[in-house]
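The hints should help you fit chains U, H and Y with the ligands onto chain C, whose structure is shown.
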Amino acid sequence: MSTQMQQLYQQVILDHSRSRIGNQALLRDDATGAHGFSHQVNPTCGDEIELETELLDDGTIAVRWTGDGCSISMASASVLSELATEASVADMLDIEAKFHELMHSRGTLEADEEILGDAAAFTGVSKFPARIKCALLSWVAFKDALNQAQTSLEE
Amino acid sequence: MSTQMQQLYQQVILDHSRSRIGNQALLRDDATGAHGFSHQVNPTCGDEIELETELLDDGTIAVRWTGDGCSISMASASVLSELATEASVADMLDIEAKFHELMHSRGTLEADEEILGDAAAFTGVSKFPARIKCALLSWVAFKDALNQAQTSLEE
Amino acid sequence: MFSRLRNDFPILDTRVGESALSYLDSGATSQKPQCVIDTFTEYFQQRNAAVHRGAHTLAVMATDAFESGREAVSNLVGGVPEQVCWTKNATEALNVVALGMDRASHGFGGESAGRFALGPDDSIVVTEMEHHANLVPWQQLAQSTGAQLRWIPVTDSGELDLSDLSSIVDETTKVFAFTHVSNVLGTINPVKILVARAREVGAFVVLDACQSVPHMPVNFVDLDVDFAAFSAHKALGPTGLGVLWGKSELLNSLPPVLTGGSMITTVTMDKSEFMDAPQRFEAGTQPVAEVAAFATAVNYLAEVGLDRIFDHERELARVLLDGVAQIPGIRVLGAAKDRIGTVAFDVEGVHAHDVGQYLDSQGVAVRVGHHCAQPLHRRYGVTASTRASTYLYNNVEDCERFLAALAEVRPFFGVQ
Amino acid sequence: MFSRLRNDFPILDTRVGESALSYLDSGATSQKPQCVIDTFTEYFQQRNAAVHRGAHTLAVMATDAFESGREAVSNLVGGVPEQVCWTKNATEALNVVALGMDRASHGFGGESAGRFALGPDDSIVVTEMEHHANLVPWQQLAQSTGAQLRWIPVTDSGELDLSDLSSIVDETTKVFAFTHVSNVLGTINPVKILVARAREVGAFVVLDACQSVPHMPVNFVDLDVDFAAFSAHKALGPTGLGVLWGKSELLNSLPPVLTGGSMITTVTMDKSEFMDAPQRFEAGTQPVAEVAAFATAVNYLAEVGLDRIFDHERELARVLLDGVAQIPGIRVLGAAKDRIGTVAFDVEGVHAHDVGQYLDSQGVAVRVGHHCAQPLHRRYGVTASTRASTYLYNNVEDCERFLAALAEVRPFFGVQ
Ligand SMILES: Cc1ncc(COP(=O)(O)O)c(C=O)c1O
Ligand SMILES: Cc1ncc(COP(=O)(O)O)c(C=O)c1O
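Those sequence lines, one after another, are chains C, U, H and Y.
Residue numbering for the first sequence follows numbering that gives the first Met the number 0, beginning at 0 and increasing consecutively.
Residue numbering for the second sequence follows numbering that gives the first Met the number 0, beginning at 0 and increasing consecutively.
Residue numbering for the third sequence follows numbering that gives the first Met the number 0, beginning at 0 and increasing consecutively.
Residue numbering for the fourth sequence follows numbering that gives the first Met the number 0, beginning at 0 and increasing consecutively.
Bound-form chain C, shown alone (with noise of 0.2 Å):
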């Protein structure tokens, strides 16, 4: 086995893909306070998602999605949904831009564990073009959800 596929395939993204945190029935309607929604599609595979937002009054995000995807895309909503149990939602802007910066790295980046978390195990898919879109898919449709949750509560 190559160690770029190790890279790849590290077991923190083989366990989420399986264990996939925030994977479970969207409230849509029937969700209460500000939220938000967004469904994304990648093209290329077909690979999609739908991802709710919800913003706790404790200044965290409640993250649920359901999708089909491959094991990246999938852990990476997992990692993500995690990540948002605990963080603010400034926190949460921060860690998706270093983790936006990170993949179109092609491998020259250094992901700082100490923000990303688990997510730094995704260091490896940037070095492979054709699954950097799958790492993405689910933080494309959390930040526009999170933007409309937001929105939602200015209004």
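Every clue listed holds true.
Heads up, incomplete: computed chain C residues facing chain Y, CB under 8 Å, no partners named: (1) 40; (2) 42; (3) 43; (4) 128; (5) 129.
For the record, the hints were derived by calculation from the structure and aren't laboratory data.
Backbone N, C-alpha and C fix where the C-beta goes; we use that ideal spot for every residue, glycine too.
Positioned in the frame of chain C, the structure of chains U, H and Y with the ligands alone reads:
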């Protein structure tokens, strides 16, 4: 000067391209007897010819044409007109077939001067694929117009 | 002979990381023999020029190369050179037909184009196994004209379900467009039966021959189709070139879609008149070097013999299918007997993307995703599959390397 | 430097019969430097695969090559890579805009496409010097929508006659399509003035940049055009590739014309949704090897510098014009000061075909005919002309050989 050029631009051709037998006003609706008309365009260069045939009582064909084109196409129309004044319809169809064959021979056929007369001078043209259409333009018009003249006779 | 000709394809000797390459993605695009690559070099070094409009020597040589490509193709698929129109890919070719009919339906092309006009009382029939290229343009035509879009369903075993053929293709049907061979299932469809039904109701037949022409002997005249499309790049030829083949009389009355230079006779500021096929559909500077290279490819295919290629690939298909059947947790999509060397499958518990990635790490190149056939995948309850597809340069070793790697996929991802 | 780079073009060393070659037909198509030819070889030998949809290593390399082509082009002409859509030639690019508007006029593309809809109260404006590629598609659009087609006339000196600009381009004008540089006259049009007028009336600007991008520095963002088109083959690149450049917001709301694989997000049997630009306009397998080769060409051009190429060709133009003026019986079409190295002319008493044939016999390759600009030729009272056109690899010797041969034409045909 290359021999190919001399073969292409035989003196006969240059002479015909200037004297232009048959190059005269068309009678159009004023024509009497069995006649036909054809308009042909060479889309690659915009050359065109309008050609009229009239079946004469002596069995020959009067050819009148106006056109705009290169020396090859103009000389070809002139030679055609000249041949028509002395040939029967059957002879002309034979000449047309032989000329057509000669033009597509890529220089491999020898022209039958007995039958083709001045048209034999076009042998060199067949080695210039881009010029074959020039040589054939008036003949295509002739065949088309003659066909019409014959049809009008039958009616 | 097939073991020898492998040497003609230099890319097959490249390495993927530390592994040798087993290229099993020819359904997407084929690799090129050195002679095809050399034709490019030779063309650009010795006879590159704009075709048709030139009197100079280079232009004459370029025109020769261009026109002899038509001859090579018509020798391959039947008919005369004038029936071969160049497009940029098969997708454009199919669009030219669908959009030409669209234009005919909106009054273009005069009286002779009237036969191509569709309206709300008409229907268009496709199949559930179509590549998007032979589906979306017909959806667009239906939307534009109000015609109804219908389709022949696919059975569990990956064949067309013809039980309702005569009610799906009926008197309202103006166009029947279907693929000769499925790019996912590998199934070879019974063209003659489908054409016969189209003839009964007077529908035009449009054949997507993308996956047949490269892999088996095909003659469009014998098949009696009205239009057919395929791509050079899947048949040892270059990218950037496709073929629209049609019956001359139909081509000459179908309104052109792309207009401009080299397809007109007379242009005034107000109005233009169009040439007959093939130029009618060849607006602007054409892929001339590509045509020259494709002529070389077609001659190469003819020399090997498409019947022999077909047999060779059928053998590889058997190796693939037998091998895959031995590996637990693999579901092959479709099970047609009449097929080419294309096998798509679902690996239980592992997404196709991950399957493909693992195979790639072993030097085995396959395709993953929906293969531009989303409805067909939906039919089988999946959004994506993994597809191995062969060509004349593949050998049993390629298949075995693929099978060995595939057997390791579920263990690697911890699925049992 | 220009004398050295001539060695990069192998075809320039070939012979025409017994003569050396002076290639003065770059207005039709350019010759290719060896590095562009090598890119083809390298691509097909080392990284050929279908792009985007593949997880395997070859597919990733092919995708990289393909996408880096967009970057090279956007560096050349301005904007970002997503504004660069690949087509098969400039003609297709212009058609995609005109036909996209046609489809918008027939209800395609939803609300956001409404701005592209034309009707009988609207007008489309072109010029009398357009190549058929930028005229016929607009005629078709006018015919399809009932819009009026108008044009800016050309003066005797070969420039646009702008005296009635504000009445020709008026409040009814939805599209103003014009060429940056005439392919016959060599005239460089005052784009900024024309764009300014279009902006006053809210018309979309479509620029035919076929003859400008290869020969001078051009930045579509600075010029503030909405859409622009050019071909790779005229700019040292391969055949089979063109560029449609547009403002992103406009590209994303223009209905696509060619539909099929790789340009959709979701497809059901009934309905499809389309991606944004550039994929929106790239249905089917794209000319990938061609894009890779064109990236090499663009980098080559950038290295030489388009400002220097422009100066070099302007010098050659002067040599040509001065020389032709010395030869009796030659009438040059147009006399614009602001021009590229393109000179078209009529030889009194000798048809252009014969002129070209004679020049070819001396190894000088020029173009003869109407150069896909019949209305412009009619404007000058001729059906055909002879055109010499330069590029960076031409030198003064080419011009002198051309002039020497031209001087012999009338004597050879016995005209005085
Ligand atoms: C000004 C102009 N516009 C459009 C075209 C058409 O380009 P293409 O034939 O590459 O589509 C050309 C060249 O033929 C041209 O010179
Ligand atoms: C069956 C089938 N039809 C159509 C196409 C489209 O061909 P292209 O992408 O070359 O236009 C393909 C290949 O992608 C195919 O396999």
